[in-house]
Amino acid sequence: MDAVHLRNLSAAYGGQQVLGPLSLQIQPGERIGLVGRSGAGKSTLLNLLYDQVRDRAALVPQEQGLVQALSVFHNVYMGRLNHYSAWYNLLNLLWPQRRELAVIEPLLERLGIGKKRRSPVAQLSGGQKQRTAVARALFQNAPMLLADEPVSALDGPLAHVVMGFMTEAYDTSVVALHDIDLALAYTTRIVGIQDGQIALDAPSHTLSPADILPLY
Amino acid sequence: MLASPTVRVTLIVTVVGILCAFLGDLAITTVNPWQDLKDLFLGVVTPDFFSIDQVGVALLRTVAFAFVGVALGSLAGFLLSLVFGSRVIRIGCAFVRAIHELFWALIFLQFFGFHPLTGVLAIAIPYAGIFAKVYSEILEENDPTPERVLPEGTGRLARFLYARIPDALPHLVTYTSYRLECGLRSSAILGFVGLPTLGFYLESSFSQGYYSEVGAILILFYVLIATLRHWARPRLIPAYLVAAPFFLGDGLPIVWGNVSRFFTQDIVPAPIRDGDGLGALGDWLTQLLLNEALPGIWNTLLLTQIALVCTGLVTLIAFPLISRHFGNRVSRGGGHVLLVIARSTPEYMLAYILLQLWGPSMLPAVVALALHNGGIIGHLIGRRSNEIQLRPDAPSGFNRYSYELIPRVYPPFLAFLFYRWEIIMRETAILGILGIHTLGFYVDSAIQEIRFDRAILLILVTALLNIAIDVTSRRVRRYLRLQTRVTCEGH
Amino acid sequence: MLKTFRRAFVLSLILVMPAFADTFVFTAIPDADETRLKERFQSVADYLDSKLDVDVRYIPVKSYAAAVSAFRNNQVQLAWFGGLSGVRARALVPGSEAIAQGKEDQAFETYFIAHDSTGLKPSDDFPMDIKGNTFTFGSKGSTSGRLMPEYHIREAFNAAPEEVFERVGFSGNHSRTIRLVEAGTYQVGAVNFKVWEKEVASGDVNTDDVQVIWKTPTYPDYQWTIRGDADQRFGDGFTDRVRQALLSMSDPALLEKFPRSAFVPASNADYEPIRNTAEKIGIID
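Residue numbers (the numbering used here), protein chains in the order written: chain F, 1 to 216; chain E, 1 to 491; chain S, 1 to 285.
Read the hints as simulated data drawn from the structure, not as lab findings. For clarity, every value in this text was computed on a predicted model and none was experimentally measured. Built from N, CA and C at the ideal position, the CB exists for glycine as well. Wrong hints could be hidden among the right ones.
Which chain S residues stay away from chain E? Per the calculated CB distances, all over 12 Å, these [claimed, not checked]: (1) Lys51; (2) Lys140; (3) Glu162; (4) Asp204; (5) Phe238.
Which bits of chain F does chain E cover? Going by a derived footprint, with three or more residues having C-beta under 8 Å, they are [as the list claims (entries may be wrong)]: (6) 52–66; (7) 89–99.
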């Protein structure tokens with residue numbers, strides 16, 4: 001994967017500048033943690049980023065993007081709809097294919113939602129939904145991962161399981177996190193956003209929680 | 001209080017309605033209106049199910065026409081909803097749904113004659129326009145994020161089947177089954193213009209004053225609608241759909257020459273057909289517009305506005321009948337029965353009955369429209385009020401109604417009322433066939449005189465008026481920031 | 001299963017092809033009690049079926065215009081029309097001809113009837129005092145229920161009915177006109193004299209509430225009209241055989257259905273006066 005260069009990113013809502021203009025470079029192998037107060041522009045930045053790198057990124061949006069009426073299995077499978085013909089997709093919708101189950105089942109087991117494979121997403125708890133969305137991104141196996149608060153609904157140990165899994169699966173990622181400890185533990189670089197601008201950009205190992213706290 | 005847009009709009013609509021009531025003709029002209037009403041009531045409680053040998057067949061035909069018409073309409077509407085972004089499609093759909101089923105039936109009767117296709121298309125075409133609009137609204141209100149996160153390069157079909165349909169499906173199914181109920185009403189009504197459904201026999205028996213036969217037909221119709229959810233189970237629907245075409249009856253064969261004649265001769269304005277030149281066409285148009293279209297539009301608008309206000313009144317009186325914040329289980333049960341009867345009786349049938357009883361004026365039409373539409377909105381608002389949690393020490397009785405409930409249900413109430421504005425107008429126009437001088441009266445006269453050029457032009461005028469109301473209603477709803485829920489039951 | 005498929009196949013054929021089953025179909029304008037149309041004309045269909053060598057079928061229609069359209073569209077080949085609907089139909093189907101009329105139709109009448117509460121009394125001259133009452137015609141396309149009464153109203157008042165009366169309605173058919181005036185829904189009405197006499201004779205009218213106040217001068221009315229292409233389709237001389245079958249109808253039970261005492265020959269020319277009148281009041285071009 002090539003490096004991603006983003007220049008002059010900016011966004012406005014109703015005439016009000018909410019982000020940028022700012023520039024950002026992402027090198028292959030970099031795992032970036034986006035931190036900052038809620039409303040600072042993290043989600044906006046991630047979405048702008050996604051528009052630029054759609055062809056090589058998997059996205060876990062804050063609102064998860066799950067189809068409530070479909071099962072967990074189908075929602076995860078949707079990560080690879082582009083790999084197969086329309087007929088195979090249709091067949092798999094009506095009759096889940098063994099080949100896909102064989103890949104997706106272990107993934108769900110590891111995330112702790114293996115038993116929910118057949119359940120419609122609408123019946124899941126908030127944490128289970130979040131893991132389904134992560135599973136979809138993992139299954140998609142794109143060159144790069146963009147995730148917006150992917151573990152916000154998960155408590156302690158589970159958050160670590162999921163973050164660890166994502167780190168293992170994706171070398172290159174941009175993950176928005178409000179938990180400073182998680183951000184420092186699982187990323188190589190921290191980008192802090194304040195009032196729509198980059199207020200902090202440094203390798204994670206050089207930072208301590210106290211360096212980040214002023215952003216909040 | 002006057003500063004609130006909701007209050008201002010309410011006041012304007014009410015004042016306009018009252019003015020219209022002064023201008024309109026609302027007299028009871030019958031010498032003894034209550035005698036016939038009593039006879040009708042006696043007839044309904046002493047129904048005679050055996051005097052009309054054809055009634056079983058008519059019931060079957062009513063169901064068959066409804067199923068085939070709604071199925072075709074829903075299929076076509078679904079396909080159209082996929083391309084509803086196109087302006088041409090949107091305008092086309094607005095146009096076909098602005099023309100009432102009965103007008104479509106009257107048009108098709110002229111060239112398909114008594115072939116089943118006449119009834120099927122009369123339902124399917126306007127329904128396709130409605131389905132296209134509502135389906136596309138439902139699909140649009142879907143959460144867009146699942147589509148956004150799909151990997152790049154996902155095919156259109158897969159994108160549609162996985163990301164859009166599943167979450168919209170329950171809404172699509174709910175709306176379609178609601179439409180099936182409407183389809184049964186439409187199908188029954190088509191009998192009034194000669195198709196072999198229940199309306200055919202209802203009209204005949206009523207005009208002769210055979211009230212026990214009328215009672216039997218009405219009761220059969222209510223039972224059919226009230227038990228819909230028991231016999232029209234999702235699993236059985238495919239079987240019904242396969243069977244329905246075989247129960248439409250044979251009718252008479254289509255003569256295709258009639259179709260081309262209708263389009264190349266019948267509907268061409270007479271002066272052009274006879275080669276009288278543009279001057280004559282101008283006169284013809286002016287005469288038609290001045291003597292028929294304008295009075296028709298005037299009466300249609302008067303009646304629509306009066307009916308709109310009365311519908312609102314009926315709704316506000318009716319919804320507490322089924323609201324859990326008032327009365328007890330028994331009274332609410334009774335309220336449900338009343339509202340079911342009010343909303344399952346097609347307004348056309350109701351207006352027909354009241355016209356016979358009270359004589360020719362706008363009054364029977366107003367009452368019919370207000371009862372039917374008030375029944376529908378009252379039901380929706382009553383259900384909405386049941387979702388409201390009142391604090392334990394909330395006042396009771398009229399104070400509860402005026403302080404606790406009305407302020408909360410008023411916005412959805414206005415939304416539904418304006419939603420039905422366009423529907424009330426469409427019905428108002430069609431009631432003209434019964435003798436009230438709205439646009440339908442002039443359309444019917446032209447058809448009775450075999451002057452289809454005039455009939456088509458007047459139908460076009462009706463459609464345009466309907467679209468104008470639709471646009472106004474949307475503007476008002478946007479001004480008031482009113483939204484209805486995705487199921488669009490107000491339709 | 002196979003049967004279902006065959007049925008579906010036949011049905012789709014019906015849907016896409018102009019099937020010409022060689023059934024001779026006729027209809028009649030729904031001029032009175034519509035609940036009894038089928039039983040009224042089914043016996044006529046059976047009679048014709050026995051006299052002609054083709055299958056004969058009767059279909060009921062809901063309006064005068066529907067009868068004319070069905071005739072014009074060749075979905076029916078023979079019809080029992082009123083004077084005006086016959087004129088309209090023959091103008092639309094070149095070559096079609098009136099072949100028989102009822103004996104009474106040579107000198108038909110319209111009765112003006114009034115509700116007792118109006119205080120209107122029978123008279124020989126046109127009753128000018130009906131002005132200002134409510135008034136109902138029969139069907140919009142009826143000769144005796146609309147054309148002739150409207151003509152006489154316009155002659156008498158030199159104004160359109162809407163200007164003469166407080167309210168003008170179209171009841172739809174003659175028996176309903178009687179019902180409506182009897183109930184007082186309308187104060188005055190115009191009705192086909194044969195329907196009136198039949199209903200009075202069978203005791204269906206309460207003559208205390210409603211009575212005849214004026215009888216129009218006579219005019220030609222109902223007739224059987226057949227399409228010009230009937231011979232071509234059903235064989236040479238078919239029109240004559242139909243005419244013969246109608247003229248020789250002598251069973252009182254059958255004639256009672258119309259109700260007429262006998263059928264006599266008729267021609268298109270007999271109905272010129274009707275066409276002229278209709279043109280005069282502007283309901284045909």
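Going through the hints against the structure:
1. Lys51: 22 Å, holds
2. Lys140: At about 4 Å from chain E, S:Lys140 fails to clear the 12 Å cut-off, so the statement is violated.
3. Glu162: Since the minimum Cβ distance to chain E is about 9 Å, S:Glu162 lies within 12 Å and the statement is violated.
4. Asp204: About 9 Å separates S:Asp204 from the closest Cβ of chain E, which leaves it inside 12 Å; violated.
5. Phe238: Since the minimum Cβ distance to chain E is about 19 Å, S:Phe238 lies beyond 12 Å and the statement holds.
6. 52–66: holds (count 10)
7. 89–99: That given contact holds, which follows from 3 residues of the segment 89–99 of chain F lying within Cβ reach (below 8 Å) of chain E.
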